[in-house]
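Participant: Both chains are sitting in their own frames, so use the hints and assemble them into the complex.
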Amino acid sequence: MVSQRGKGMERIVKNNKLVILTTLIFTLTMGFFTLKIKINPDVTDYLPESDTVVKNFNKIGRDYGGSLTGFLVYESDKIFDERSLLEVKRLSEEMEKVEGINLVSSISNLVDIKSKDDDIRIEKVISFDSLKDEKYLSEKEKFFKSDNFYKGKFLSEDGKKSLIILFFDDDCDQQKVCAEIKNIVKKSELKGKIYYGGLPFLFEEIGTLIVKDLTKLLVPCILIMVIILSISFKSVEGVLIPLFNSLISIISVAGIMSILKVKVTIISNIIPIILLAVGSAYSIHFISKVYELESEGKNRKEAIEESLKVIFLPISLAALTTFIGFISFVGGSYLVMIREFGIFTAVGVLVSFFLSVTFTPSLMIITKKSRSVVNSEKENDRFVEIVDKIIKYKKMLVTLSVTLSIVSLIFLPKISRSADIIEYFKRGSEFRKSNDIIEKDFNGSSRFLIIAGGNMNSVKNLKKVEEVETFIKDSLGLNNTNSIIQVIKRTNKIIEGKEQLPENDEKLSNLYFLIEGEKSLDRLIKPDKSETVLEVSFQDGLSLERVRKLQEKIEEKVKMVNGDLNFSITGMPSVYIRLDKSILKSTIVSTFLSLGLIFILLSFIFRSLIKGVKGILPIFFTIIMVYGIMSLTRISLDIATNLIGSIAIGIGIDYSIHYLLRLNSELKNNKDFNVATKNTLLTTGRAILTNVFTVSAGFAVLIFSELKPLSNFGFLIMLTMLLAGFSTIVIFSVSITKKERK
Amino acid sequence: MKKIIFLLLSSILTLFLFSEDLKPENILEKVDSITNAPKDQKIFMTITLVDRSGEKSVRKIIMFQKGKDKRVGKFIYPSDKKGIGFLSLPPNVMHIYLPAYKKIKNITSQSKNGSFSGTDFTYEDMEMTTFSKDYTCKMLSQNDSFYNLEVVPKKEKNSFYEKLILSVDKKYFIPTRIQFYEKGKNTKVLERESIERVKDYYIAKVMVMKNLQTGHQTIMTYDSIFFDTNLPDDIFTDRFLKE
Chain U
126 MVSQRGKGME RIVKNNKLVI LTTLIFTLTM GFFTLKIKIN PDVTDYLPES DTVVKNFNKI
186 GRDYGGSLTG FLVYESDKIF DERSLLEVKR LSEEMEKVEG INLVSSISNL VDIKSKDDDI
246 RIEKVISFDS LKDEKYLSEK EKFFKSDNFY KGKFLSEDGK KSLIILFFDD DCDQQKVCAE
306 IKNIVKKSEL KGKIYYGGLP FLFEEIGTLI VKDLTKLLVP CILIMVIILS ISFKSVEGVL
366 IPLFNSLISI ISVAGIMSIL KVKVTIISNI IPIILLAVGS AYSIHFISKV YELESEGKNR
426 KEAIEESLKV IFLPISLAAL TTFIGFISFV GGSYLVMIRE FGIFTAVGVL VSFFLSVTFT
486 PSLMIITKKS RSVVNSEKEN DRFVEIVDKI IKYKKMLVTL SVTLSIVSLI FLPKISRSAD
546 IIEYFKRGSE FRKSNDIIEK DFNGSSRFLI IAGGNMNSVK NLKKVEEVET FIKDSLGLNN
606 TNSIIQVIKR TNKIIEGKEQ LPENDEKLSN LYFLIEGEKS LDRLIKPDKS ETVLEVSFQD
666 GLSLERVRKL QEKIEEKVKM VNGDLNFSIT GMPSVYIRLD KSILKSTIVS TFLSLGLIFI
726 LLSFIFRSLI KGVKGILPIF FTIIMVYGIM SLTRISLDIA TNLIGSIAIG IGIDYSIHYL
786 LRLNSELKNN KDFNVATKNT LLTTGRAILT NVFTVSAGFA VLIFSELKPL SNFGFLIMLT
846 MLLAGFSTIV IFSVSITKKE RK
Chain D
1220 MKKIIFLLLS SILTLFLFSE DLKPENILEK VDSITNAPKD QKIFMTITLV DRSGEKSVRK
1280 IIMFQKGKDK RVGKFIYPSD KKGIGFLSLP PNVMHIYLPA YKKIKNITSQ SKNGSFSGTD
1340 FTYEDMEMTT FSKDYTCKML SQNDSFYNLE VVPKKEKNSF YEKLILSVDK KYFIPTRIQF
1400 YEKGKNTKVL ERESIERVKD YYIAKVMVMK NLQTGHQTIM TYDSIFFDTN LPDDIFTDRF
1460 LKE
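Quick mapping for you: the protein sequence lines, in order, are chains U and D.
Read in this note's numbering, the first sequence has 474 at position 349, and its numbers run on one by one without any break.
Read in this note's numbering, the second sequence has 1348 at position 129, and its numbers run on one by one without any break.
With the rest of the complex left out, here is chain D (with noise of 0.2 Å):
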């Protein structure tokens, strides 16, 4: 309890004393220790798979992570898909599970560009990202309600977009909105819905990102989050992905 109280007084005071004068490096830096504060997370997830004509294709997965990097999932539903597993270690390394086969692949790209499972999401979506750390930035404008900022990704993050724009939420420093640009277009648009506090957290229970160029969209839904489980380390490795 004194946690959040400590939180929402913080949250409060730093909107009151310095929103009008926060530098775009602060807007990015509030962003990060509010999107990366959880230690870890286990996340029952529906992922429904939108096409251009509006035909839908649901999955279920549960996934547990932890840190910014270490994340294990397995479906469990659709029926065909139940039992395939991924386990995403740094750096850029994939192990993947075919219950079908009875194999686990390591799979490592070149390009972070891979669509995550069919979705609208690639794997470098799906990692956590520090935007302090590995973005440069400039504020493009704001309103009462947000901050638009331009980010560009520094050359070590090896990212494959060429910039991302981010209306970054005054009230939870929570990006709401991103727009995703591909060698000068905007290709992609990610938006974050329902905000709602779980736990000490505040989270955005449903992503919906758009693919502007095919008309295909994914809209990922938290049916329901833990966080700061003390998830063990030896979930995150090739024997859990079989089990």
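Bound conformation, chain U alone (with noise of 0.2 Å):
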């Protein structure tokens, strides 16, 4: 096997050339699929759309005319006045006009029925009429802030912030319809001041975001790997082609996901950052091992065709590993968006790897140009000092690393998540404001959409819903419930007086006759009348375990009111409660599922449990140390947070393959182990920090991200780099017994 490797390293340093022009032609094709790659901000994705929850909110979507609501705020000094409410009648017919809306609410098109006698009048809350007229003015104010059904819904209690909602079409492009929005309102030149806020546009926000990042942060974190690599190789080649690597995966990567038409999402636009910082690793060592072999005095051909045979295996080893480590969200997560990016960066890796042992020795061999000085002895020197300073204190770094072990585990538990999508903004920044407006003034954006299957046209049906919704106002104190119960009373009361569900179903069917066709009704049941939706709004500052139990209160009542209805609760608080549960899951199955997949395989490759054991310690101690330092820093476990143990175990493990398979070779010729761990940590161990620090320098770019979870992603997956990189260091340097030394 060995000997058809050698041949095969052979065929790629003679015919380089070759593979150059091949691995040219197919970035090219790639790059030009990647131009057309899409991005999906659409947060309900992130669960399978088997899911019933996912399943009963894009039912809604479709039966219901749309589940999307956004939300413009008018904010002036006073809304009754002549001057604020024609501005909000003239956005509000503007925003009819835009395609991809069908419906617009305002206090400017609110339809009113008022009754005396036999006589039913249909009209417009706000007559435009009487604008001039201060008593009226001021008596309209009055009404839309005492009116049961109208209180916290248009107008905030100042008086001064006014609400427009807008209903979205299900199946227009949000993200277009957002933008034209956007440019209506700044076209309009209005006095007052716009905030936007729901879900449509909060998607909108974080498509501009990952497209922001995308652009803001892959420069940054090229011009670090360039400055890293020119220290650490002192040559161009050394920082150009672990850098053309990592683009080329890059490319390849995005290129295949347009191809299978696979959009970007707030997760996989992380996936250019990770390989470029893992991508180049297998190239640096590569081309580590070159150098160090032309230090020895081999030319150039000699050198790569050396480093091809002794670099493969750890390299495709530590290719593997990492690939295990992406791979393991695939089985570990319910996440389809983590199960996405797990593929896919896989993927990436494998075509690093595949680059590493082709397209990087093929130019290495047009380049040619040998390095003058591989290290001075004075810098080897340096570094043997921190390792026999390490060795020396190597009792006190145990005891620090299972002191921090141990207290990271005390604090594991404590660890705090998040799924609501607005804490992705980070505090201060546009739209949140945009949205703590809305929460503070207005009654809400986060709303519970229960499903009542059954006959609609039965009394004895309606009292089942009016007994839930009775429920949730007075059990539950959630006061903002809209349901076709509301409308029904409401209407019966301007038929006999009586604000209750009628007594029949004749009069029910009457009923219904009279309010038929109104768009609105579209929304809260379904025209053949077998199903309804009955919507619980409540305001967005509800702790997700607050929630949690309000969902199950709920679900207890449906229960007990069941009989011939079927009840089913979806919405997005439910989406979070849903997205909390499986990112709890996804964290714990992927690192576990990760961990023991590369414990099988260091134990079958060192041919010994017990250094299947010792080779994933470091990571091991890592992991626990980062999460301990998540909760005592607050960090959420989010939708990236929960990445960072499988990713941490992927790329970290690489460590200690290449320090175990060194360590070995090293053994094999030199029997004196103190100096077989002298020239791995010289060279590998020399490799290991600089890919270290190559790696945190990637990741740590992500601290910029406009988003909030990314940011913290960034944050904590440099530490964990870090931190992976030393503890192979100094565990291995103070923990292979004189046993296994032998």
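Calculated from the structure, these hints are not laboratory results.
Here are the in silico distance ranges between beta carbons for each label pair:
1) D/Pro-1297 x U/Thr-595: 26 to 34 Å
2) U/Thr-177 x D/Lys-1418: 53 to 61 Å
3) U/Lys-674 x D/Glu-1375: 58 to 66 Å
4) U/Glu-224 x D/Thr-1267: 26 to 34 Å
5) U/Asp-283 x D/Lys-1275: 47 to 55 Å
6) U/Asp-243 x D/Glu-1375: 28 to 36 Å
7) D/Pro-1297 x U/Glu-174: 32 to 40 Å
8) D/Glu-1375 x U/Asp-298: 35 to 43 Å
9) U/Asp-298 x D/Ser-1276: 26 to 34 Å
10) D/Lys-1461 x U/Ser-655: 26 to 34 Å
11) D/Glu-1375 x U/Glu-677: 54 to 62 Å
12) D/Glu-1375 x U/Ser-668: 54 to 62 Å
13) D/Val-1312 x U/Asp-283: 38 to 46 Å
The structure displayed is predicted, hence computed values, not measured ones.
We treat Cβ as the ideally placed atom computed from N, Cα and C, and that holds for glycine.
Facilitator: The following block contains the structure:
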């Protein structure tokens, strides 16, 4: 097998120009597809479409004319004056013209039904002919602040803000619609100020931030890598080759995603940064080995051929373990976006590995330029001094590591979790400010949607839905509900003066006739009356734990009243609850899955279970410490930070593999353990540190991401890589027993 | 018989002599004369509502109409709607009879944009219209079969629509396709199909109104229609609604 591999390597060296040409053609082709890649900021796509909560959420979108609601808040010194009302009216009318908006609801177009004796008058709540009448305006302001139905819905308590609700078509291009709305607002030259809120604007903002992140972070990441690689290799090829490797991997993955019509998500937008950091590692090890052999007097061609033979095993094992780390998300995660992220990053890792044993040596033959000096004796001495110190203070270092791990273990269960998308935005960001206004001044934008399936032509069944609604209002204190029950009761009051459900099904049928065809009703009941939706709105500030308890109580209640009806609960709060559960499960399963798989792999390579355990020890300690730090610094386990464990294992274990394989080979040539360790540290140890700094610096750039989970992720993964690199060197330098040395 | 021959001859004559040179205003006048010709009508109608997923629900009504703006109708199917009646009188007054409550309610609406009994037709769509009087118009294009006109409602019409685009069949002078525009958007399309001659008049027996925003559509089919039966005025009263 070795000889076959040797021949293969020789062929690569021989046909280096063909390899380069093929790689370039492949890159250009993938580059073409990369330009067509699309972005998907919709967080409901995190969960698989088969998930019950998502299914019901999509069903509402399909059957009730869109599940997405956007908000515009118009703010001025006083809403109930002529200028402000006219601006709200103008804005609402402009919004109605936008393709993709199927309904606009604002104080300017609300319709009220009034009755006197046998006359029913349907008219607009605000008459725009009376705007000069101060008394009229004052009365209307009072009405919006005190009426049970309208209070808190369209006018803020201070009378300075007015809410315009936009109902989006379910199949519209949300980003395009949002962009058009913002454009209209900009062109309108309003005196009042506009704030945007609700899911469509949130998704649009995330989409913008994804693009911004990609363009903003990639360049500094590349620059940092250039600096570190320049310091480490002191040569142009040492900088450019790893960089090319990473960039080609990134383009390949993006191209494949585009061909397969997989869109970039809030998670997969970090793939380029990861590949930039990880993809360079294999060629760094390769270049390092070539330089090492050149310094021993070999010419470039010989050095490359031998490096290929020697380095193939450690690099392929490192790539395999990293691949396992990422692919473990496929089996370990319920969340679609994370699975996609896992698959495509794993593909990128394979491409990087492949390039490091084909493209990298082929290029190095052409560049030919040997490095003048490998490392000065002075530098080596300094490094040896550090190593000696590590060995000298080994007991203290071990005690420190164990203590830190124990402290971390204590804090680990207290780690907080976050699934609410608004938490993605940094405090003080424009969008968060807008959202806070909607939450504070209006009834809130979070909505449970309770679907009740069954014959809604039956008063008996409607009474059950009413019972659930009353329970939610009276027992749970969630007063802002919207339902067909309220509409029917109001209509019944108009007909026979009693605000209650009608006495019999015939009367109900007559009431339906009166209200049928009202656009806003399509959002509450199916046309065939086989199902209705009860909306329960509340403010965003509630903790996820509280929201979960509310949902559980509603679930208990609907079970009690079930009868002929079939209840199910959905809405964004339910999506968050499901996401939260999935994030926790995903973290635990994928971390242990990758740890387990890598343990099996290491035990197999080193033919020893103990070595398998020792191999994963540094990364195990690292992960515990990182989760401990997360708990202490109150960084939540979220959609991005849940990836830390598996990524750390996948990347961090490489250090163990490189170290142990080199140590094994040094021990074969040199029986003295100290000399073997020293040689390992001076060669592979140095490459590990170069890689640690490159990878950490690459990830550190993510700290500047506009999205909070990614920023936290950047910080944590940087920390993880530094800890993993150093703990590999420290733990292996002090923990290899005399028996194992033999 | 003489009437038919006269009508046919005059149509053919109009077609040959003027069709190429007809001004948009003349086309609308011709449309009005064809559409508003009957003195009264008695219609048995099936209304099929089709939602965006293709599910259908069917209603049947009997409707009487006299002149341009007097209309009375009663639901005869399904059973839960049976007996519900409506009486539409000028201007903008609608009397609704709710049999379960045994009450008549007079509904006055500022807007005629409300749905007519859950259909995609609004009360305004159900009104008899005199295009030549209520709209200004311009010719957009024409081909061998159709005139395409853009008609804009006059202020007095108090229409909810911004404009309509009519495709007028050159043979029958019936607008077989009407596109409705609200606030810059084409929101609905009405298509008239199955044009037949009943008594002295040409009528489209099937009307399909598609709501382009919701995907919902309403199909109105005339099961049978009787023209000029000299309907008495007392049909268009509350008393008749309660019967």
